[in-house]
Structures are given as structure tokens and as C-alpha cells.
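Using the hints, put the two chains back together into the complex; each one sits in its own frame.
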Amino acid sequence: MSSISEERKKVLLRRYGNQNINSAKNKTAEILRPRGMGPGPRGPKAMQSGKPKNVYAVIRRLLSYIGKDKIKIPFVFICVILSSLAALGGSYLLRPIINNLVYEGKTAEEKLISLILGLLTMAGIYLVGVLCTYLQQRIMVKISQNSLVNIRKELFSKIQKLPIKFHDTHTHGEIMSRFTNDLDSVGQMLNNSLPQIFSGIMTLIGTVILMFVTNWILALVLILTIPILIYAGSTIGKKSRKYYKEQQQALGAVNGYIEENISGLKVVKVFCHEETAVEEFSFLSDFLRSKQLKAQFFGGIMGPVMGNLSQIIYALIATVGGILCLVANFDIGGLAIFTNYARQFARPISELSMQMNTIFAALAGAERVFEIIDEQSERKDPNNAVEICAKTNIKKEAKLVKGEVVLKNVTFGYTSDSIVLKNINVVAKPGQKIAFVGSTGAGKTTITNLINRFYEIQKGEILIDGINIKNIKKDSLRSNIAMVLQDTHLFSGTVKENIRYGRLDATDEEVIEAAKIANAHSFIERLPNGYDTVLEGDGANLSQGQRQLLNIARAAISKAPILILDEATSSVDTRTEKHIQEGLEKLMQDRTTFVIAHRLSTVRNSDLIIVLEQGEIIEQGNHKELLDMKGRYYQLYTGAVELD
Amino acid sequence: MKQYLKYAKPYLHAFIIGPILIIIESIGEVIMPLLLSHIIDYGVNYNKSVSYIILVGIAMVFTAICMLAGGVGGAYFAIKASSGFANDLRKDLFKKIQNFSFSNIDQYSTGSLITRLTNDVTMIQNMLQMMLRMALRAPSMFIGAIIMAFILNWKLALVIMTIIPFLVLAIYLIIKIGFPRFTAMQKKLDALNTVTQENLTNIRVVKSFVREKYEESKFKKANIELKDKTLHAMKVVIFTLPVITLAMNITTLAVVWFGGRQVIIGSMTAGVLTAFVNYVVRILMALMMMSMVILNSSRALASLKRINEVFNTEIDLSDKTASRKDKIIQQGKVEFKNVYFKYYKNNKKWVLENINLVINPGEVVGIIGSTGSGKSSLIQLIPRLYDVDKGEVLVDDINVKEYSLKNLRDGVGIVLQKNVLFSGTIKENIKWGNENADDNTVYKFAEYAQAHGFVSSFKHGYETELGQGGVNVSGGQKQRLSIARTILKRPKILILDDSTSAVDTATERKIRENLRTELKDMTKIIIAQRISSVIDADKIVVIDDGKIVGLGKHSELINSCETYKEIYYSQMDKEVTA
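Chains C and Y, in that order, give the protein sequences.
For what it's worth, my numbering labels the leading residue of the first sequence as 197, then goes sequentially.
For what it's worth, my numbering labels the leading residue of the second sequence as 77, then goes sequentially.
One chain only, chain Y, in its complex shape (with noise of 0.2 Å):
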């Protein structure tokens, strides 16, 4: 809880002034009744006096306008306050999971990560809200309203104590009976919700087995089980009103039968009869007021629970202990240097094991292997996606966690598996490469990874505006886009993990030819399922189950190592070499 009050003290005042003005607007309620008794019972029955009347009746109008100034500046101080606690944890909140390592990533859902940066935080944001402007008003209502009832008149005030505890008592019960059964029903909606998704993404499978009836009959169950759960649930929640009505009612008949006895022996006036009643009406409003706090404030501690879990997380990877921060990426060197690594700390399986590696500078790499042999594991420990469990990784002969992580990958240039291109256009993309390139080097590096064509091709060429994900080019295109943006930054070190999948094989060999004539340099580490992607690099190493098992030109594997003979032959019986 602690590490919250940093997002409370640029807001201080108002978390103080906001209460303390509600508090104002508390108390006039409180007196107001007061007041009017004072009419009734000096003003109309004593006095008989229109001036004292009047001269209450300004301090009564004097009273409501200082309660509109509290509750509206109450309302606005709980907002200012609420609203910036809000937006400084949802930067800082953004802040740490732009610091969080892949491991990190891999940890939560995108969809879990994004819930809690947008509804968890709004979740927290209303009950603060909500906190500030009921939690002390409620109770000082509450408080006041109890220690003026006492004043006016204890014995009376008695009888209202009484049946406070029942009350508390039956708000109890309805939140305990009730909560579980709303459990159960959130289960219920979640079952439906699942059903109705499946469907839906499924329905090309439904249709073409024409299983509409049965999807109908699913889904008819999960329907009938929601209601049934709801209305058990809302079956307690219903009572709330009727109790808390039915507590108010007992308790203004006692309060009028006592007071009422009191007032005929002349030991109470009617004006503090009239004000009781008033009182339990408030204590009562109060009392409800208090529950509800109580029942949001447990969904939203829910939600905070789930921030916590991202403030919580430790970031397993960063470059606060690198030696040599300022070093930069000059030749591309890479060695893997007895490298073990696995995924999860308490898996007994090796991802990757015992990996001994040397890439030189300048030189072109191919690395084969089927799904889930540690191709992709194997390259993203060389721009420290993740860090190795046993041996270490070498970039320019310096391990990889002494350089700082904006250098390395500065000079480690990767396309990932799965590409991703940001709203914006065509050109934005690309520069993210590098953002002070000109367009005429876009064009150029465009060209290279054979994007160039297509992008001319449309409409507004480097200008096209492409949607969320980059929904408006072909899986292909997109492939070329992010190797265009990558191979601007023109790292030292260049890894195409399956990035031209999508693209056809000729496409595919310009691609290759273009990096190895105009950007002869740079060390290309490309892996591939076509064997055909490679066949003509400088080394190809094949993995299979986490280990080499073998390392060499084509030519020589095709001989001597089985499991690459085994793939080879599984692409060349049915597929023609260029």
C-alpha cells in the first residue's frame, strides 16, 4: 500500500480539502433539522415570534448555501485528486511494462495486461472517487447525526441505538449470503461468454457440420444456468431495500411512540420530536451509504490486487550492472559459449543445451531445424530478449549483459517471428529503423527488402495510412515492411527469425542476393523452413531437441549429418530446387 502514497502527494491538498468540505456539507445536514426544531418549538410554540422565525430561517438558507459550496467543491477536489492519482499510476504502470524483459511478457496475456492498464485502473480511479466523497460523509453523517440525537435527547437516542446492530446485522448477512452466490454467477456468465466466443470463431466449423442445433443446445444450457444463478443471487440482493426501509420504519413507529409519550407528559417538545425523526432518516441513509462503499470497494480491491501483481513483477533482465555502456557494436562478431537455457526456471527440460557457436563477422548463417527445436530461442539471446541460465553469449568477443541493452540492440537487428507494424503510414513504419533517415534512404532500404514495388503500387505509396496491427497489407507484404524496418537501423548483426515465410521463393531470393550484395557487412543470421533459404549460406547450423547436431556448408551436411539429410529429403522429393 505504501508505494500508493507517492501517486496521493502531488494531489495532497485535495485529498484533504476535498473531505474537509464534504465534511462541511455533512454537518449543515446534520444542523438543519436542529434548526427547524427551533422554529417550530421557540419560533411557532413559545416565542410566537415572526422575526426569530426569520432570523432562523437566514440561517437556514445561510447553512444550505455553505452545504452547496461544500458538496460541489467536495465533488470537484475528489475528482482532481482521483483523476491524478489515476493518470500518474496508469503512466507509471505503462512505465513498467515498457521495462518489462520477454520473460515478463510471456508471463501475462496481452488481454490481461491491457485490462489492467484500462479497467483496473478506471476501477480504482471511481472508487477513490467514490471514497472521497461518500466514505467521510457517510460516517460524519452518521456520527453527527447520532451525537445530536443524544444532545436533543438520550433516552430517545437509545432506542435508535438498538436497532443499529440488527440492521448491521441483516446488511451483514446479504453481503455474506449474497457475495458467493454472485461468484457463482460471474462462473456462469464467464461459461456463457466462452460459448458464444467459440462459436463465433469457430462458426465456419458449425456450418459446414451443421451443428447449429447442437451449438444452440449448448448454448441454450448455459443460458438457463445463468438465469438460474442470477436469480438465486439477486433473490438476497433484492431484500436490501426492504430491510433497510423496514429498519427505518421500526424505528421512527419506536421513535414516535417513546417520543410521542415524552411530548404528552411535556418532557420533549414536538419541534425535537420532528427533528428525531429526520435524524433516523439521515443515520439510516448513511448507514446504506456505508454498505455500498463496502461492496464496490471489494471489486475494486480485486483490481488493485492485479496492478500490484505488474508493480510486483520483478524485471528479470536490464543493463543497471553492464560495464561497458558505452560500448557500441562495431564488427558482429557472435559466440555461444557453453549456452543452456530454458524458458521456465522450474522446468527439468533444457531448451537449448550446452551450445558452442562462433558466427564471424560479415558471414551468412543459416540455422535449420523443425518447430520447437530452439531455433527462435537460440538467436534471442544474442540482443538479450533473454538471458542464458549457464555459459554466455559474446558479441565482439564482450558478453552481451556488459554492453547497455540500447547499444546491443542498436547493433543486434532482429525481425521477429511475429511481425507487428504500428497505426501510421508506410513511411513512419520504416523509420522506426531510424527515425532521422531520408526518404530517398527509406526508398533504398525498401527496395532492398523488395518492398518497394508494392508500396509505389499504392494509392499514397509511403504515405498510406495503415490501420491498428497494420491490418491493410498481406501477410507477405508485412514480412517485407519489417525487414526494411530492421535492416534501416543497419545493425552490425542481422537476424531473420522465419521472416520471409510468406513471401514466395523468388521474392524471397532478391531479398537474400540484395542483403548479401549492398549490405555485405553485416552478419545475417537467418532462419528458415525450406532448407532452399540457406542453401547457399557460409555456415548452417542444425538444431534439433535443444543441441547442434550439425554445422557446416551444405554440401558437407548433406553428407554427414542425418537429421538435415532427413529434411532435405522431406522438402526435395516434392519440391523443386531454383
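In isolation and in its complexed conformation, chain C is listed as follows (with noise of 0.2 Å):
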């Protein structure tokens, strides 16, 4: 099992272990990056979890979600200090009722009418007890779901509003967490911790009185044990957490090995690599539970530790208290129950430092989310922003556009200090179809992401039918842009669903005949329920080439003077795209165009091609124009330089 080199070990440690987290800022970083830079710095791993910044600007946020159920907050609290009273009345009076047991001076008949009473009355206080606890969970479980909601609804709103920059810095497993981890631990702390804090330190202060109205000496010796208590609880705590954070270095390091493994484990097979990758898993899994070992042991013996030194308090009370009992008159029934304070004593104790954690936990997730919350959202529409429509979809008070779109010395980088495009100037004439040609990371897409404003331009105007882009109400110029992606992805719903994304009022007739436009009436016709059949998570049981199809209709049906094809046929074969094709022209007829293509083929009958090169303007014309020009195009065309 060990033939694997002690170097190799420390590689496979540093290399998982590290990565996890932060694998999705390299990502983003990769993308932003200039290429042929190599890969950059790894950042150090940031903790998930971890103490917030700011503990009281995010607890007085979170309360703020709690809204209009503020008013049930008081009542919650006095049904938990009715409730921990309560527990600690109920035992209090066990002890008028034991010494009147054991009270010499009373008849046998006496004794039985307080017996009575004092069980009517402890019955009263357990009634009351148990109504507040019942009350209190229930209030809280309704204030800490309805926060959820408002928090979740506010958070997920924002991502709405977010720019596409944010969502190209963020990876969805990153933005999903804040959904579920995060907004876990803080509807955790809600419904148990908070309360159970409040609870814990209430039952604390009530039997350090009821201790001291008891016997002030028995009080004194068990005040001077809590710093041990305090001690050894902080000492395990401390060391607990220590292992803790190590274990869980171990426990990505080993997920991190797992989730790379099997997302290629094909690749593994083929180069019969089983073996080298169960050792070097065997070396990582054992190291984790060599962590493992240490950090759960330290947290697992907190229970016992502080339990058991409590049941030595215990001893400790029960013999000084007896000993009173003999020489200073303490009664017997006020020894039983200080005995039962003496062994709960503790348990406050370790309750409120392993609730400390929860709660630190679950702030620092609030933090993550409010930091989500509080990102810039997309630029305001300036008030005198204007509408635009279309001649197929009229509107009043909307200004009519054919489709004329114009870049204008645009220059934009997506941070401020690397330029992604220079100068770049384009006409395209209503109807016209306009092609980019160029290199990965040329600037193709990003032009058209310009178009709609997906992205703010640094210099330079886009103009649509004369108007600049930045003076359109910003929903309006998207509604009026289709797009066709090349990543086709579908919505879980029904076919007809699906298309009618593209807009939202469109008859169940204007669907199909979108369809048609698209393509793609037939195969739909041949799915089991038609128009109906619902598509599973991303519609994983259509062909790729038919969930393009769904795509083209989708735009089809949005009657949009302007479109966007970004590689919509790259990833299928040729037939298939012949296919699509024919979908595509009759989609373009009368819309102004953009197409990006990695394919020539698809590009050649435009009105324009134009060539981009590093972020500029090279060559550009039509199809023959170009290849007269024997430039940068022909070359391409004719497979004399590289493109990639």
C-alpha cells in the first residue's frame, strides 16, 4: 500500500487539500485572463464556515427580516422565561414537599392535605411550563420560516438583477451554496439556537438564585467549581476546533480526489491507471482518518467530560450537604433538590459553548448571503429612457425601430486594466446579416454582449436606430434582441412552455407556428404527448440537435427586429445543422443579424463578415469581397493558418 513516495504525498495534500474552494475563483480568473498566460496563483483556501466580520451589523440584519412578526419576538421571550422558570419552580417544590413528609410535628392527615396542595400547585406550574414551551417553538418556527422566505425572495431577486460580470465571477455551486448551506444554518439558529441560548442562560442565573435562597454554603461550594467546568469546557473546546479545521483540510483533500476520479474515471481506465489511483486514495482516505481520529474525539468528549464532572459536583454537594444537614439544621428536601441542581449545573454550560459555534456558523452564512444582497446591481435606466418596438408588435408610447444597429469607437475590457476590444465600429442595416469571424477569445461574443447591455461599454456608443443603447429602458432593448446560444439549454416544463419563454402571451397557435419556423413541428409532433411533453432537467431526453431546435423556436416566437446567434450550430454534425439551418434562414429573413460562427461554412452568404483579431477590427467585407483581398479571411478560409 505504501508505494507511493513521500513526495508524492505531500503533492496529493497540497494539490486536493487546497483546491476545493477555491477551484471556482481560478476559474473565473481563468476566464477573464488574456490567454496563453498559463494558469494563475492559486488564492489561499478561505474557511466556509469561520466567524463573521461584523457580528452586530449582521444580527441587526437579520432581525430586520423578521418584518412584521417583530411583535411575536416579546411574547417568545417571556414563553421561554415562563417556561425555564417554570422547570426550575416545578423542582424547587419538591422541597416544601418532601420536608413536609418528613416533618415530625404534623399528623399523618395534615401532611396529605399539603401533599395535595403542593402536587396541585407543581401541577400548575407544569401545566404552564409545558403550554410555553409548545407556544414558543411554535412562534419561533413561524418567525424563522417566514424570514427564510423574505431572505430567500430578497436573495433570489438579486441574482435576478445582478449583471451577467457577477454571475461570470461566481460559479453556480458557489451561488447554490448560499441558497442551501448557508440559509440552512441560519434557519437552524432561528428555531433552536437562539432560544436554547436564551433558555440556557436563563436556567443558569434562575439556579444560581434558587441555589443560593437554598443553602448559601452548598452555593458558594458549587460557585467555586465552575471555573473548572469553565476550563475544561474552553480547554476541549479549544483544541476541538483546532482538529476540526484540520479535518476538514483532510475531508476536501479526499472529496476532492473522489470528485475528480470519477468525473474521469474513463480516462482512468483507459490508461489502466485503477491501481496508482486506489493507492494514492488509500494514502489520502487513512490520513483523513488519522485527522479524523483527533478531532472527533476532542469533540466527542465534551458530553462526557462536563457531564461527569458535574455527577463529581453531584458527590461533592451530596456529602457537604448531608454533612449540613447533620450539623447546620439543612433540610432534606432542600439536599434533594440541590442535588438535581448540581448535576444540570453543567449542562447550560456545554450547551451554550456548542451553541456558541452553531451560531457563529450560521452568522458568517448570513454574511455571504447579505454580501450577495449587496452587490451593485445592473445600471438604473436614466428617467428619460425611452422604449423601442418593433412594426410586428406595436406599442403605444414605444418608439418603432427597424433595426439599425451601430457600434461606435466601442472599446471595453471586462476589468478595467485589459482591453478586450479597441475601436471597434460597425453599421448593420435593418435586415443585413452580420458574421464575426476570429480566434477564441477575439472579442466575438463579447461584441454582442455590448449589444444588449450584458456589459457596460467603457468608450465609444451603440446605437440602435439612432439611439444610444445606454438612453433604452434596458428591458425594453433586450426585448427587441433574440439570442440563440450556443449552450442550448431548456427549462423542466412542458414543450410548449419552453417556446412560449420566448413571449410569455403567445397563443398555443402562434407556438406551433413558431415551431414550424424552427424546424421543429416534426419531431415535437413525434414526442410522446406533442406540445405537451414535459422535459426533464434541462430536456437531458431530446438530442442535442433538437433542444437547438427548441432554442431557434424560442427566439422565433419573440418577433424581435434584432437576433443573435452565438455558435447555435457548433455542436452538431453536419447533417444536423443543414438541418437547423434551414430553421435559421427563415428565422433571419427581415431581422437584423449577428451571427458568430467557428464553422466558415455558416458565415459565407452574409451581408458582412468581419474579422477580429485580439479585441480589433482586421479585415472586413463579404465572403468575396475577402477572399479577393487575400488577407487574414483567405487565409483562414483556405486552412492556411491556425484558429483556435
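Derived from the structure by calculation, the hints contain no laboratory data.
You can take every hint at face value.
Per label pair, the in silico range of CB-to-CB distance:
| id | chain 1 | residue 1 | chain 2 | residue 2 | range |
| --- | --- | --- | --- | --- | --- |
| 1 | C | Thr367 | Y | Tyr420 | 27 to 35 Å |
| 2 | Y | Asn423 | C | Asn377 | 37 to 45 Å |
| 3 | C | Gln740 | Y | Glu632 | 27 to 35 Å |
| 4 | C | Val409 | Y | Lys85 | 55 to 63 Å |
| 5 | Y | Ile341 | C | Ala319 | 16 to 24 Å |
| 6 | Y | Asp266 | C | Glu567 | 22 to 30 Å |
| 7 | C | Tyr610 | Y | Pro86 | 50 to 58 Å |
| 8 | C | Asn725 | Y | Lys466 | 30 to 38 Å |
| 9 | C | Asn725 | Y | Glu642 | 30 to 38 Å |
| 10 | C | Leu548 | Y | Lys85 | 40 to 48 Å |
| 11 | Y | Lys596 | C | Gln831 | 26 to 34 Å |
For clarity, every value in this text was computed on a predicted model and none was experimentally measured.
Where is the CB? At the ideal position from N, CA and C, for every residue including glycine.
Dropping the structure here:
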């Protein structure tokens, strides 16, 4: 098993132990970095849990989500106080009851009556306690669920408003974990931790008071033992946190290795690498186990140590109390309840120290959620922004546009220090087909993303029918530009719903018509339930080509005068492409179309072909003109130069 | 279940010592109130002896120390046992998955295999630990306390016994009613996650169609539904604590009532009554712990079931019965004889039907056909990634089933459509093909695959670290590295499954050129979308709908094969060949 070298072991731990959380960020750094520069530095690993930076600000903000439920909070507190008091009071009542039983100056009948009275009082107190416990939980569950709904809602609608740039720099997994893990822990905290901490503190204070009331000497003895409890608790807690961190790192390494191995399992098998993989995994797994032993040991002995320390205190109190009964006339009932206090004393202390961890984790989670909510939204429309519409979809108060698109001296970079597009000038007349050609990273997709204002340009202007797009309402701008993207994403739902996504008020007839334009009608008809066939998770039950056809239908129904096709056919084979192409041709009629394609064959019949190189236009013209120029396009077309 | 015993075996001592220590702790828990009652009854009430009290006190402290040792030791052994068990289980599971055949892998989604190896194993580990610590402690405390109660005063013990069934019933009802509600809640949670996930993946679509409001209303619906179902479930769960408290209270009242009367008439002491009240608390606590264990283990059982599925997956492809295990591939001849193949046994339609094909050593063979026609399926039969259903595949005139998998796959290099690079440097990745290759050989083969140029342009060259899945190279670069990795193996048969789709025509041509001149003897099988990629092959195989519909050189096929003509013209009227 130990055929891996020590050096290799170190490499494994470094590689897989550090990259789990940060790989997401690395990915984006890659997207934004110009190519050919090699990989970027690995940032330090950010712990997912950990402490929030500003505890009070986060708490204050969390409270704001409780909203109108706030008035219920005092009620919750009253319930917590009452139930803690009831628990304390109930146990304290045992004292007079027991004393009454052993009191020698009373007749049996008198004792019985006192017993009944005592029990009735106890029953009353218990009842109040149980009711309060139930009410408190009932109200708190409602409050926490309502606030969770509010936070989730705000987080989701914020994500809708964030610029595309945000989505470029955050992986889906990262954002999903805000919705799941982080909000989960916030819910946990609201539901359990807060009431528990409050009741823990109440019980602790109440117990101390009652102890002094019962017998101050014993109370002092007990108080003297508190430092021991706190010392034990904090030492174990500290160790446990330290080893927990190491354990998480080792776990990260194991999970990282698993993820990579399973995702690439077929390659592993083709290279007969299974044995090496098993050996390396064994090492990582054993390493995790060694860390786990320590971390879980210190985490696991908190309960027994604290619990049994209080058993020792219990013994101490019983002894001292017993002696006090003899020499200082201490009552037996008092002794009985005091020993109970002694035994329960450590519980709130260890509970508090456990809950603190949960609370800090939850607050840190809440803080991460708030960070997203605080992100800068897309720029708001200026007050004088206009609406636009096409002649197929005339709207009152909207300016009618034909679909002329002009880019004037456009310069743009994703970050201020790296320029992706330099001084771009393009004129697209209504109904024309404009194609962009160039290597990956030359800036083709970027241009189309600027037209629908996914990103804001730094210099220059983009005009639609002479109106600067910054002065057009963003929603109106985008609804007048239909896009078909390379990644064919659909939503769970029926085929019909997916097509209708392009225009929500479209009738069934219009849906079918759009499907016909896209050449999708015939295959849809053949689906088990036709247009009402439910597509599972991103249309997994359709082929790539069929999904793309649905995408085209979705764009077709939108009536937008401007159309953007970004590598719409690059992932399908040439025969399927031909099929899709027919649909696209119909779609492009009467629309100003921007086409991005890897295969030059698809752009040949464009009115204007623009060749981009490192963010600059180096050639433009139609197919024939460009070939005659014998420049870059000619080279590309004849396969003389590399394009990747 | 039996199969899991072997994971427990190495830690058997821990599995036994742990619970014993924990039982010691719970016995102490039972003895302590008894000792207290002795202090009260004998020390204070009858003997009035300080030394007796101190004696009993020392006994109590001693018991508590034993309990402390028991508790800590029990925790230690429980953790030792559970983490050891989980570690071995995890390693075995990993090993099992490494032995999966391709069709085994196809059965599971990547995500589900990962969850099984990570979450599910952890879940079992946690359950085991809890079982070792709680499962014995709660019942032993429960039984111990009840026995003590009977010894102290059987009449009073009966009072406790009558209340327990009601409590058990109440907890049972809570679980029974609560469980389906939790399942319903989980479903709504999944629904909410789906809406979110889809929204994130499709955010560009959402934005370009201005559907933010629509998405928000979709989310709002899922959000509210989740809240409703959660409240519905929680309403039941929050009864647990009040119900248990109530039961405890009622029992205490009843004990004090019946016990109190006995004390009054003198048939019972106050100390015993105090002890009794203590036992009531312990018995009910034990019950609560047991219900927790039951609730949690039902979740772990689901995990166990999922892990079992993996262990019980029959590996349908191995070289156990191979008769020529020592044989290595020397020439590189491939022959398909009446081959039939399909991925799922219950599918009616064959993916490949009656394939007959001979590829001679050193030949370059192109395979052309539309998506889904069966090209990849065909070549995957050569290195036995899948087994044929009928007929046979021969390499060097020996059935592939007779080779050891290692020798077969060493001799047949395949570059898959879906390329994966691994964390590590570029050099390490290329050396997957041959661990012992020296640097110069690595550079040379990288050059053949047209990767040397771009690798050298990186700041750290071949030492450049690739992130998980090779995130920092482009698709075309990834393909070229994958080719370098495979040819470094110097296989006798090289299969490229559409491995240059993201590489431009010129570079692709150079790679083909290098393969032809530098790796002459290698049999090359190339699947391609573009006819230009295979136009000068010795043989072109045209596949349509699982059948070979054309075989020959370009010049022959262009006249004889309809499908080939169709593909050719679909590309030619737009694309110029070099």
C-alpha cells in the first residue's frame, strides 16, 4: 500500500487539500485572463464556516427580515422565561413537599392535605411550562420560516438583477450553496440556537439564585467548581476546533480526489490507472482517518467530560449537604433539590459553548448571503430612457425601430486594466446579416454581449436606429433582441412552455407556427405528448440538435427585430446543422442578425463578415471581397493558418 | 449486512470495549441516586453519622471518576471503531468503483457516485458512532433505572411502567405522522433547488428574454410551498419536547403522590422517594435518546442502501476468464466478425448490427457517419470498453476477451471524445501514457500532437499546473494534450474519437502528418465529423444507423456510397478543402 513516495504524498495533500473551495475562483480568473499566460496563482483557501466579520451588523440585519413578526418576539421571550421558570420552580417545589413528608410535628392527615396542595401547585406550574415550551416553538418556527422566505426571495430577486459579470465570477455551486447550506444554518439558528441560548442563560441564572436561596454555603461550594468546568470546557473546545479545521482540510482532499477521479473515470480506465488511483486514494483516506480520530475525539468527549464532572460535583454536594443536614440543620428537601441543581449545572454551560459554534457558523453564512444582496445591481435606466418596439409588435408610447445597429468607436474590457475590444466600428442596416469571425478570445461574443448591454462599454457608443442604447430602457432593449446561444439550455416544463418563454402571451397557434419556422414541428409531433411533453432537467430526453431547434423556436416567437446567433450550430454534426440552418434562414428574414460561428461555412452568405483579431477589426467585407483581399480571412478559409 | 462484518473485524476490540465502557458509565448513572438516598436515609435520618456520609460521599466521587473514565474511553473507542470502519468501507467502495466497466459507469450519474463516496459514507460513520455511544447507553440506563426502581419499591415502579407505554405511543405517533410530512418537505426543497439551479444555468436566457419577473414568480411559488410544507412538518415535530416534558411531569407528580402517601404512613423513606424522582428523569431521558437514534438511523439506512447498490453492482466486464493473459499486442490488426452490440440489454434496436471489418497493421482508417450512427460504439469495442453481444472482435487474430485488460489497453490507445485532464503539471498529465518517459521523449511526443508550441509559451512550460479537470487550457489545447498523452503509450493501435474537433484544420493536418511519418507502424483509426480529416485515409468506413454502408477509399466512395456523397456535399458546398 505504501508504494507512493513521500514526495508524492505531499503533492497530493497540497493539490487536493487546497483547491476545493478556491477552484471556482480560479476558473473565473481564467475566463477573464487573456490567453497564453498560463494558470494563475492559487489563492489561500477560504474556510467555508468561520467567524463573521461584523457580528452586530449581521444580527441587526437578520432582525430586519423578521419584519412584522417582530411584535411576536417579546412574546417568545416571555414564553422562554416562563418555561425556564416553570422548570426551576417545579423542581424547587419538591423541597417543601419532601420536607412536609418528613416533618415530625404534623399529623398524617395534615401531611396529606399539604401533599395534595403541593402537587396541585406543581401540576399548575408544569402545565404552564409545557404550554410555554410549545407556544415558544410554534411561534419561533413560524417566525424563522417567514424570515427565511423573505431572505430567499430577496436573494433570488437580487440574483436576477445582478449583471452578467457577477455570474461570470461566481460558479453556480457557489451561489447554490448560499441558498442551501448558508440559509439552512441561518434557519437552524433562528429555530433552535437562539431560544436555547436564551433559555440556557435563564436557567443558569435561575439555578444560581435558587441555590443561594436554598443554602448559601452549598451554593458557594458549587460556585467554586465553576472555573473547573469552564476550564475543561474551553480547553476541549479549543482543541476540538483546531483539529476540526485539520479534519476539514483532509476531508476536502479526499472529496477533491473523489470528484476528479469519478469525473474522469473513463480516462482512468483507458490508461489502466486504477491501481495508482486506489493507492493514492488509500493514502488520502488514511490521512483523513488520522485527522478524524483527533478531531472527533475532542468533539466527542465534551459531553461525557462535562457531564461526569458534574457527577463529581453532585457527589461533593451530596456529601457536604448531608453533613450540613446534621450540623447546620439543613433540610432534606433542600438537599434533594440541590443535588439536582448540581447535576444539571454543567448542562447549560456545555450547551452554550456548543451553540456558540452553530451561531457563529450561521452568522457567517448570513453574512455571505448579505454580501450577494449587497452586490451592485445592473445600472438603473436613466429617467428619460425610452421604450422601443418593432413593427411586428407595435406598442403605444414606444418608439418604432427598424433594427439598424451601429457601433461607434467602441472600446471595452471586462476589467479596467485589460482591453478586450479596441475601437470597434460596425454598421448593420436593418435586415442585414453580420458575421463575426476570429479566434477564441478575439472578442466575438463580447460584442454581442455589449449590444444587449450585458456589459457596459467604457468608451464609444452603440446606437439602435440612432438611439444610444444607454437611453433605451434595458428591458425594452433586451426584449427587442432575440438570442440563440451555443449552450442549449431549456427549463423543466412542457415543450410548449419552453417555446413560449420567448413571449409569454403567445397563443398555442403562435407556438406551433414558431416551431414550424424553426423546423422543430415535425419532431415535436413525434414526441409522446407532442407539445405537452414534459422535458426533464434541461431537456435531457432530447438530442442536442432537437434542443437547439427548440431554442430557435423560442427566439422565433419573440418578434424581436434583432437576432443574435452565438455558435448556434457548432456542437452538432454537419447533417443536423443543415437541418437547423434551414430554420435559422427563415428566422433571419426581416431581422438584423449577428452571427458568430466557428465553421466558416455558416457565415459565407452574410452581408458583412467582420474578422476580429485580439479585440480589433482587421478585415471586413462580404465573402467575395474578403477572399479577393487574400488576407487573414482567405488564409482561414483555405486552412492556411491556425484558428483555435 | 454480512458483508459489512469484515469492516468491523479489524476494530473488533474497539467495537467491544467501547460499549462496555459506556455501560460502565450508565451503571454509574443508575448507582448515583441510590447512593444519594443512602446519605439521606442512613446518614442523615437514622445514623446521624458524619463519617458514614463521608464514606458514601467518597464512594460517589469514586463512581463519578469511573463514569468519567468510562465516558471518555467509550467515546474514544466508538470513534476509533467508526472511523476505522468508515475508512475501510470508503477505500473498498472506491476500489469497487475503479473496477467498474464502462457500462457500469453509465448506470450511475457522476454526481450520485460522488455523493455515495462522500456523504453516504460519512452518514454511516456518524450513525455508527452514535449507535456505539447511545444505542447501548440509553437502553442500559433505561433497564438499569427500571430495575433499581423495582428494587427500591415495586409499587412505585409500576406507576412508572404504566406511563411509559403512553409515551412510547406518543413518540411513535410523532414519527409516524412526521415522517411523510418530512418527505413532502424534502420534495419541495428539491423543487426550489431545481428552480434556482435552472435559473442560474440559464441566466443569460432569462436576461435576454427579460424574464426576471417571471422567474421571480416561479421562485415565489416554490418558496411559499416549501414554507408551508416545512411548517406542516414542524408542527408535528415541535410536539416532541412538550410531550416528553409532560410525561416526565405527570410521572413525577404520580410518583410523589403515591410515594408521598407511603412516606406518610411510613412504608417508604424520603431518600428513596428522592431517588425515585431521579430515576423518572433518567428513564424518560433514555427514551428520548432512543427515539433520536431511531430517527437518525432511518436516514443512515437510506445511505447504506445506496452504498449497497454500488457493492452489489455486478461488474460485467473483467479479464478473469482470459486465456492469453501474458499475450501483448504486437502487430495491430483489428477484425470485427458479425458483431452485434447494444448498450442496454432490454433495448430492441441494435446500436451496431452485423459489423464485419478488417483493419490491417499500420493502416489509417477513417470512420464517418452522423451523430448517433454508432461510430464511437464501434471503436470502443476494440479496447473492450464494452463487450459485444454477438460475434467477436479480434486483435492480432485473438479475441479481445482473451487478453488481460492491461495488455489490451496498453496496446490500444484511445483518445476519448470527452477528454479529461487531471490536477497536476502538464508533464505529469502527458506522462500518464508512460510514467518512465524522460523529458525529451515527452517533448517529442507533445510536438507530434502539436502541443509543444503552446506549452512552451506558458510561463512555467511543462511544469504548468492544471486545475481540476484542466480548467486553464482551451478545448483545442486540451485535445492536443490528450493526444500526446495517448501516443506516448506507443500503442500498436491508436484510436482518435473525434479528438480534433476543436483544433483548426491546419493544425489537425499537421498532427495527421506527424502521425503518418513519425509513428508509421501504428494502426490508426480516426473518427471525424469533417470529411477533410479522413480524405486521404487508406480506408474510410461509412456508418449509418449502426450498419456499415460504405467501405473504401475516398475516390471509390464518392461514386458508390450515397450516404458518403450526401455528407460530402453537405460539407463541400460550403467548405473548401485544402
